[in-house]
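There are 2 protein chains.
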Amino acid sequence: MKTIEQNFAVPFRYGVYFTENLFAPSNQVLADVLAQDRASGPRKVMFVVDSGVAEAHPQLLEHIHHYTLAHPDALQQVAAPLVLPGGEEAKNSKEHLQAILSSINKFGVCRHSYLIAIGGGAVLDLAGFAAAIAHRGIRHIRVPSTVLSQNDSGVGVKNGINAFGKKNFLGTFAPPFAVINDSNFLLTLEDRDWRSGISEAVKVALIKDAAFYQRIKQDAGKLAQRDMEAMQQLIHRCAELHVEHIGGPDPFELGSSRPLDFGHWAAHKLEQLSKYSLRHGEAVAIGIALDVVYSQLQGLLTEAEQDDVLDLLQELGFELFTPELAQQTPDGQLAVIQGLREFREHLGGELTIMLLRQIGVGEEVHHVDEHLVQQAIALLQKKRQPQPLSQV
Amino acid sequence: MKTIEQNFAVPFRYGVYFTENLFAPSNQVLADVLAQDRASGPRKVMFVVDSGVAEAHPQLLEHIHHYTLAHPDALQQVAAPLVLPGGEEAKNSKEHLQAILSSINKFGVCRHSYLIAIGGGAVLDLAGFAAAIAHRGIRHIRVPSTVLSQNDSGVGVKNGINAFGKKNFLGTFAPPFAVINDSNFLLTLEDRDWRSGISEAVKVALIKDAAFYQRIKQDAGKLAQRDMEAMQQLIHRCAELHVEHIGGPDPFELGSSRPLDFGHWAAHKLEQLSKYSLRHGEAVAIGIALDVVYSQLQGLLTEAEQDDVLDLLQELGFELFTPELAQQTPDGQLAVIQGLREFREHLGGELTIMLLRQIGVGEEVHHVDEHLVQQAIALLQKKRQPQPLSQV
Ligand SMILES: NC(=O)c1ccc[n+]([C@@H]2O[C@H](COP(=O)([O-])OP(=O)(O)OC[C@H]3O[C@@H](n4cnc5c(N)ncnc54)[C@H](O)[C@@H]3O)[C@@H](O)[C@H]2O)c1
Ligand SMILES: NC(=O)c1ccc[n+]([C@@H]2O[C@H](COP(=O)([O-])OP(=O)(O)OC[C@H]3O[C@@H](n4cnc5c(N)ncnc54)[C@H](O)[C@@H]3O)[C@@H](O)[C@H]2O)c1
Ligand SMILES: [Zn+2]
Ligand SMILES: [Zn+2]
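Taken in sequence, the protein lines are chains A and B.
Take 1 as the starting number for the first sequence in this note's numbering and just add one per residue.
Take 1001 as the starting number for the second sequence in this note's numbering and just add one per residue.
Check the hints yourself; a few may be wrong.
As the list claims (entries may be wrong) - Calculated cross-link-like contacts (lysine-lysine; reagent style BS3-like; alpha-carbon spacing at most 25 Å): (1) Lys158(A) x Lys94(A); (2) Lys1158(B) x Lys2(A); (3) Lys1166(B) x Lys1002(B); (4) Lys2(A) x Lys1208(B); (5) Lys1002(B) x Lys208(A); (6) Lys1002(B) x Lys2(A); (7) Lys1208(B) x Lys1094(B); (8) Lys1217(B) x Lys2(A); (9) Lys1094(B) x Lys1106(B); (10) Lys166(A) x Lys1106(B); (11) Lys106(A) x Lys1158(B); (12) Lys1002(B) x Lys222(A); (13) Lys106(A) x Lys1275(B); (14) Lys382(A) x Lys217(A); (15) Lys94(A) x Lys166(A); (16) Lys217(A) x Lys383(A); (17) Lys1222(B) x Lys1208(B); (18) Lys1106(B) x Lys94(A); (19) Lys158(A) x Lys1158(B); (20) Lys1158(B) x Lys94(A); (21) Lys94(A) x Lys106(A); (22) Lys94(A) x Lys275(A); (23) Lys1094(B) x Lys94(A); (24) Lys1158(B) x Lys1275(B).
Calculated directly from the structure, the hints in this document are not laboratory data.
Build the full structure now, drawing on both the sequences and the hints.
Right under this line is the structure:
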């Protein structure tokens, strides 16, 4: 009997909005974003809030409450906001996923209602996953509260939680309804979280935009000093580059190429080996350092360029080495090398690793030389030790 | 700062193939389907098999094994097939989901590997959900083994499991890599499963294709007698209509309109109330009967047309009434009416129910009159009782 052919395309569209003080009663951004659905009545909305944000902004829940009172035609909360543990813990057990799903069920959140999540990348990944699978997908708005989530994780189309000890083992591709970046949240970040997300900007600049890289270099001192103006510039350009990339030929990553994962094969494994005491962005900085040195050892990148990147990462305040990088498995293998296999397995297809040909230009390879990885690690380990004077 | 706009479309394409004896060594269908990915080596494949199918086809696992041996360049199994309980039980606890995810993890099934599921709609919904969320989506091939899954559930883009006592509370929209209908599987179906899927054909014919409806009427006797030729015609046309509809303006059902759910608002609730002793297709037949009578009571449909449909359903062997239809909640409400609320909540947006204007032409309404529902139920209940002779 004749084969039946299915063929269609699903269009996706969302905006990444920038604001300050999202929940000030006079702020129209959220109400305007919601109005895009052209619904007649107020929307049912459920908030999920990162505990770290709730603690650092003790009046946040009250502000949300007043905001909804000030905008009764735009939204109504189905229940008090659900506050969930911030950080990787959010993604490490199914309990928090269950808590969100349970509330969705209990409070009748439907496919035309909104789950609005406020938090770091971890809570957003968790809430996005819950939103994607409840009722086969309810509308989801992300309000990222860290540098990393404002310039990278929060503006993309992926969500996920960890399972079987593996990062993002469970997840989906599910574009948000909208993303709203409120710069005010960044004021309360710990220094390491302020810094952490900068590594994703260095990453995307290195593989896509040499001018942006130079800009980051120029601003490195300011960024390290928590200059908000410089940070806003960095976040905007970094988010833009991510959004552009995702809007390219393979938004749902069906092929083998994954350029935005530059520096990430080692990073994901390091996060896991450190039991998530390393932040994602911190691990990415080390992963970038490793791949940059590896690119140099492979003869792709000059030593001058290599040092330029390593110096920048250090000026921004990143460590370039962590003991997990040299950790061995019981059978004497480098533990990060295992990460390579897991990386391939997670992405599927042919192993495809992004290296650097020059600053601003990436190059994909399909094979990694373990010896060179070892050399690269040794070099980073040495670089970290204070050099005896005679060698300087 | 300037809003960043994201805008892209994701194309999806898959074929619904028809064959007989899929795992005969000489059958090229599966190997050809896999070859569409243009991979160089053999693909890693994991099979998930419905226990009902495995029991009815005791040599199936062996045939699969020999098939893979006969096609070493096309595929290699990562492990022995995972046999999971068939029927709604598959979707009712998270344990089976966990079993699939666990195997995906253990056997290194990646985003370019294949999960091939063989079974009824329930096992396919479960396996499709697991495939959709593991590694953010691994490739999934469906081999539907019931009439219902071959002509409806298996050819679409939805998957899901039940949670919080609600049908398909968890799930995603995730198009398969391919669907392969093997008519041989139908030979071992129990009568009720042979029949069950016919209601979905009646459904789609009623709202979209009067000629198809007439065809079903013509073939009703043969269908009831398990004539394979008639059944294959029915499955092909029904699958085609479903595929066409999904390929229309709203494949992922983002709007409020859900024409293919004609007859389903009551059906989902009846399944649940019957503790899934009613098959989906059996409940759909009753749901169709209810909505057809309701359409007539509303003045949309003539009595002649109403009777024509009810007669056809009975000729096909369906019951038009089940005690759950008249079941009351502790506060004296009709339990199915609750289903209306759950239906709206699951779909989201404005309540939108498909009724019939005439055979082959649906009409959407946004309000349901509870009294008329009660009348319709009473009429179906009466119709079922043997009529005293004087009234005939
Ligand atoms: N989905 C994607 O595409 C993607 C991309 C990159 C990273 N990620 C994920 O993002 C996660 C990392 O996100 P992250 O770097 O934002 O860290 P995080 O979410 O782990 O948060 C770090 C800490 O900051 C706290 N915090 C958050 N906002 C705060 C604020 N405004 N003030 C004070 N404290 C605050 C949190 O409670 C937490 O303790 C990882 O799980 C990573 O895998 C996802
Ligand atoms: N995803 C969708 O779009 C969609 C659409 C409609 C229905 N569904 C779902 O499909 C499910 C119903 O599917 P179904 O009607 O196929 O029933 P089913 O999957 O419940 O299977 C019914 C019984 O038949 C057995 N069986 C399956 N194939 C057999 C074979 N070839 N020989 C002998 N026994 C066999 C099963 O083991 C089971 O016991 C419901 O869960 C329903 O919600 C999903
Ligand atoms: Zn990252
Ligand atoms: Zn159905």
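Do the hints match the structure? See the list:
{"no.": "1", "hint": "Lys158(A) x Lys94(A)", "verdict": "18 Å, holds"}
{"no.": "2", "hint": "Lys1158(B) x Lys2(A)", "verdict": "23 Å, holds"}
{"no.": "3", "hint": "Lys1166(B) x Lys1002(B)", "verdict": "43 Å, violated"}
{"no.": "4", "hint": "Lys2(A) x Lys1208(B)", "verdict": "21 Å, holds"}
{"no.": "5", "hint": "Lys1002(B) x Lys208(A)", "verdict": "21 Å, holds"}
{"no.": "6", "hint": "Lys1002(B) x Lys2(A)", "verdict": "51 Å, violated"}
{"no.": "7", "hint": "Lys1208(B) x Lys1094(B)", "verdict": "36 Å, violated"}
{"no.": "8", "hint": "Lys1217(B) x Lys2(A)", "verdict": "23 Å, holds"}
{"no.": "9", "hint": "Lys1094(B) x Lys1106(B)", "verdict": "18 Å, holds"}
{"no.": "10", "hint": "Lys166(A) x Lys1106(B)", "verdict": "12 Å, holds"}
{"no.": "11", "hint": "Lys106(A) x Lys1158(B)", "verdict": "23 Å, holds"}
{"no.": "12", "hint": "Lys1002(B) x Lys222(A)", "verdict": "22 Å, holds"}
{"no.": "13", "hint": "Lys106(A) x Lys1275(B)", "verdict": "21 Å, holds"}
{"no.": "14", "hint": "Lys382(A) x Lys217(A)", "verdict": "24 Å, holds"}
{"no.": "15", "hint": "Lys94(A) x Lys166(A)", "verdict": "13 Å, holds"}
{"no.": "16", "hint": "Lys217(A) x Lys383(A)", "verdict": "20 Å, holds"}
{"no.": "17", "hint": "Lys1222(B) x Lys1208(B)", "verdict": "23 Å, holds"}
{"no.": "18", "hint": "Lys1106(B) x Lys94(A)", "verdict": "19 Å, holds"}
{"no.": "19", "hint": "Lys158(A) x Lys1158(B)", "verdict": "19 Å, holds"}
{"no.": "20", "hint": "Lys1158(B) x Lys94(A)", "verdict": "23 Å, holds"}
{"no.": "21", "hint": "Lys94(A) x Lys106(A)", "verdict": "18 Å, holds"}
{"no.": "22", "hint": "Lys94(A) x Lys275(A)", "verdict": "17 Å, holds"}
{"no.": "23", "hint": "Lys1094(B) x Lys94(A)", "verdict": "12 Å, holds"}
{"no.": "24", "hint": "Lys1158(B) x Lys1275(B)", "verdict": "22 Å, holds"}
In the structure shown, a violation is registered for the earlier hints numbered 3, 6, 7, in ascending order.
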